[in-house]
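Chemist: The hints should help you fit chain B onto chain A, whose structure is shown.
Quick mapping for you: the protein sequence lines, in order, are chains A and B. Mapping of the first sequence onto the numbering used here: position 10 corresponds to residue 10, and the numbering continues sequentially without gaps. Mapping of the second sequence onto the numbering used here: position 170 corresponds to residue 170, and the numbering continues sequentially without gaps.
These are computed hints drawn from the structure, not numbers from a lab. Watch out, some of these pointers could steer you wrong.
Unchecked claim - Here are a few chain A residues that sit away from chain B, every Cβ distance over 10 Å (derived from the structure):
1. 105
2. 190
3. 207
4. 232
5. 253
Unchecked claim - Not the full set, but computed from the structure, chain A residues with beta-carbon under 10 Å of chain B:
6. 13
7. 16
8. 17
9. 22
10. 25
11. 66
12. 84
13. 122
14. 126
15. 128
16. 267
17. 268
As the structure is a prediction and not an experimental result, all values here were calculated from the model. Heads up, the beta-carbon is just placed ideally off N, CA and C, and yes, glycines get one too.
Spelled out, the chains give:
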Amino acid sequence: MSGPADAPAGRDLAAEVRRAIAFLEHPPTRGLEPTSDLTIDEELIVHSIGWEPVELVSGLSMVSIPWSATLWSWGQGAITPASSAYEMAFGAAIARIHAQAAEAGGHGVVGVTVERAVHASSVDITLTGTAVRPIGAPAVPPDGIFVSDLSARDFALLTIAGWRPLALVQGASFVYAPRRSVGAVIQQRTQNVELTNYTEAMYNARETAMERMQSMALAVNASGVVEVKVAEGPMPFASHAVAFSAWGTAVRRSDTPGRRIDPAIVVSLDDPTLLFDAANLE
Amino acid sequence: MSDPLSDLPEAVGRRFAEGGFSSGLSVPDFGACIEMGLEPLGFVQGFCAMQWGWFGSQGMRGSMGYPMAQAGGGYSEVFQCPHGMRGSAHRSWGQNFQQTQVEAFWTEGFTSARSRMMDEAIALGAHGIVGVLDTVNEISDLQISEFHLRGTAVRVRDAAPSALVPWTTFLAGQRLAKVFEAGFVPVAVVSAVSSVRVWGYCMTEYLIHGGAGASWLGTDEPQEIEQFVVARMAARDIVRRKARGQLDGDELHGVELDVTEWEVTDDDWEVRCRLRGNRLRRFKDFDPLPAPRPTVRLS
Numbered sequence: 001m002s003g004p005a006d007a008p009a010g011r012d013l014a015a016e017v018r019r020a021i022a023f024l025e026h027p028p029t030r031g032l033e034p035t036s037d038l039t040i041d042e043e044l045i046v047h048s049i050g051w052e053p054v055e056l057v058s059g060l061s062m063v064s065i066p067w068s069a070t071l072w073s074w075g076q077g078a079i080t081p082a083s084s085a086y087e088m089a090f091g092a093a094i095a096r097i098h099a100q101a102a103e104a105g106g107h108g109v110v111g112v113t114v115e116r117a118v119h120a121s122s123v124d125i126t127l128t129g130t131a132v133r134p135i136g137a138p139a140v141p142p143d144g145i146f147v148s149d150l151s152a153r154d155f156a157l158l159t160i161a162g163w164r165p166l167a168l169v170q171g172a173s174f175v176y177a178p179r180r181s182v183g184a185v186i187q188q189r190t191q192n193v194e195l196t197n198y199t200e201a202m203y204n205a206r207e208t209a210m211e212r213m214q215s216m217a218l219a220v221n222a223s224g225v226v227e228v229k230v231a232e233g234p235m236p237f238a239s240h241a242v243a244f245s246a247w248g249t250a251v252r253r254s255d256t257p258g259r260r261i262d263p264a265i266v267v268s269l270d271d272p273t274l275l276f277d278a279a280n281l282e
Numbered sequence: 001m002s003d004p005l006s007d008l009p010e011a012v013g014r015r016f017a018e019g020g021f022s023s024g025l026s027v028p029d030f031g032a033c034i035e036m037g038l039e040p041l042g043f044v045q046g047f048c049a050m051q052w053g054w055f056g057s058q059g060m061r062g063s064m065g066y067p068m069a070q071a072g073g074g075y076s077e078v079f080q081c082p083h084g085m086r087g088s089a090h091r092s093w094g095q096n097f098q099q100t101q102v103e104a105f106w107t108e109g110f111t112s113a114r115s116r117m118m119d120e121a122i123a124l125g126a127h128g129i130v131g132v133l134d135t136v137n138e139i140s141d142l143q144i145s146e147f148h149l150r151g152t153a154v155r156v157r158d159a160a161p162s163a164l165v166p167w168t169t170f171l172a173g174q175r176l177a178k179v180f181e182a183g184f185v186p187v188a189v190v191s192a193v194s195s196v197r198v199w200g201y202c203m204t205e206y207l208i209h210g211g212a213g214a215s216w217l218g219t220d221e222p223q224e225i226e227q228f229v230v231a232r233m234a235a236r237d238i239v240r241r242k243a244r245g246q247l248d249g250d251e252l253h254g255v256e257l258d259v260t261e262w263e264v265t266d267d268d269w270e271v272r273c274r275l276r277g278n279r280l281r282r283f284k285d286f287d288p289l290p291a292p293r294p295t296v297r298l299s
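In isolation and in its complexed conformation, chain A is listed as follows (with noise of 0.2 Å):
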């Protein structure tokens, strides 16, 4: 049976799938067993490159803030040992990742959700990722373990173009809100006016955030971070203090040469739905 009228010369699927199934009859051949988080997309895009997954790999930690109890309460400048149990949690997860890719055998982690919550007296860290590694590779990279979370798409394009990622590299900054004297308040009541001290403290904070993240980074010989998240706000068991915490892959130039990224242009010939809404008609 051939594929449908407008498939492509020499692809039937249908043949494809029947070959497929009848393998069902015979007993794994590879006995590998990797197991993976990709979607069948983003294995394609890293099998592209010369990769494959490995294992689903995982790293975690959950670190007391000392003092918690009158931490939140009142103070000023920065909330340190909020920051040092943010960084000692950071850093505990990431090399557990890195520690379970290494018993797997892959080179490297791709595609590390990262979910973080800051709570009253402790910060939790969660790593998950896939460890992939170079079709056939040994076992031991040759430079080292990467953990990034980049996606498996963004992985293939950073490679492509002659990149390799490094590290997930972090840094975070606690700082009390500052305060005015009830004299100041009352006095600036009716007015327009910057408040500086505010203003100060957290431009100083978000700063002390990415320095420290660039400072891992430049710690493990990177260019550079990309894919920075940042995120940022008050705590709700803390009104009075806010957390601001960035993070990224540090990537550095490969020896391989890469190539420029030329992106073709496409127009989808796709109408977009409009939807009906009663509202303009008014």
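Modeler: What follows is chain B alone, placed relative to chain A:
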């Protein structure tokens, strides 16, 4: 072979006898299946309502005030207080242990529902079931959970009837087509559950409830809450091993890992992991794929 419908409600037989086909596939997925030569035969499903029976046996903290012996070789680890004798309220020991009864509950519920779904597919003469969905619903507050699996039974056009049990996959449509084109054939949906109970000891209790920094703990630096970290890692390792145990040399793709934690009573938690994925078997090597060509869409 015995009648596959013998264990199923009478209405199933009547539905199948009416003729025509029903399908849970979306229209694009339906079209892709037709292109693959997979003919939908019918919407198939399986149910299993299970009552939780584990609270009485493993719900209480230890036995006679001592850590519980773990039966059946499951994971268990005891954490001893480093402070010596203190008051009676002091949690002088803690324990992490694998709740094998919870896992058995899940396994039985899932496999029974899956088996009934497959019985329906066998009755239709299907080769496989695509687009499988699985849900677990809590029925009121009676500690009853209902497992429900459903999917669309398909027959491979122009293929001989097979004596094998139908293959199953969470995938359908274009994603399933890509699986075949990538050189894989679906074997079965894989689901595994792990459950680790955490009976906190003094250090876990103090660190979680904000005691870190107290002088008698010996340090005012941040500390890793070891018992919890160990429990979470153990739960993930157990569920991965359980999933691997279902592979028999095949591969597991598209894994979803759901982790839930809840506090059963004071300083008593459960970490539960559920892993789902598609067991696939390679039937040919990857065709050499060209490097992907980046595009920019003008819309």
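Chemist: When the hints from earlier in the document are held up against this structure, which numbers fail?
Modeler: none
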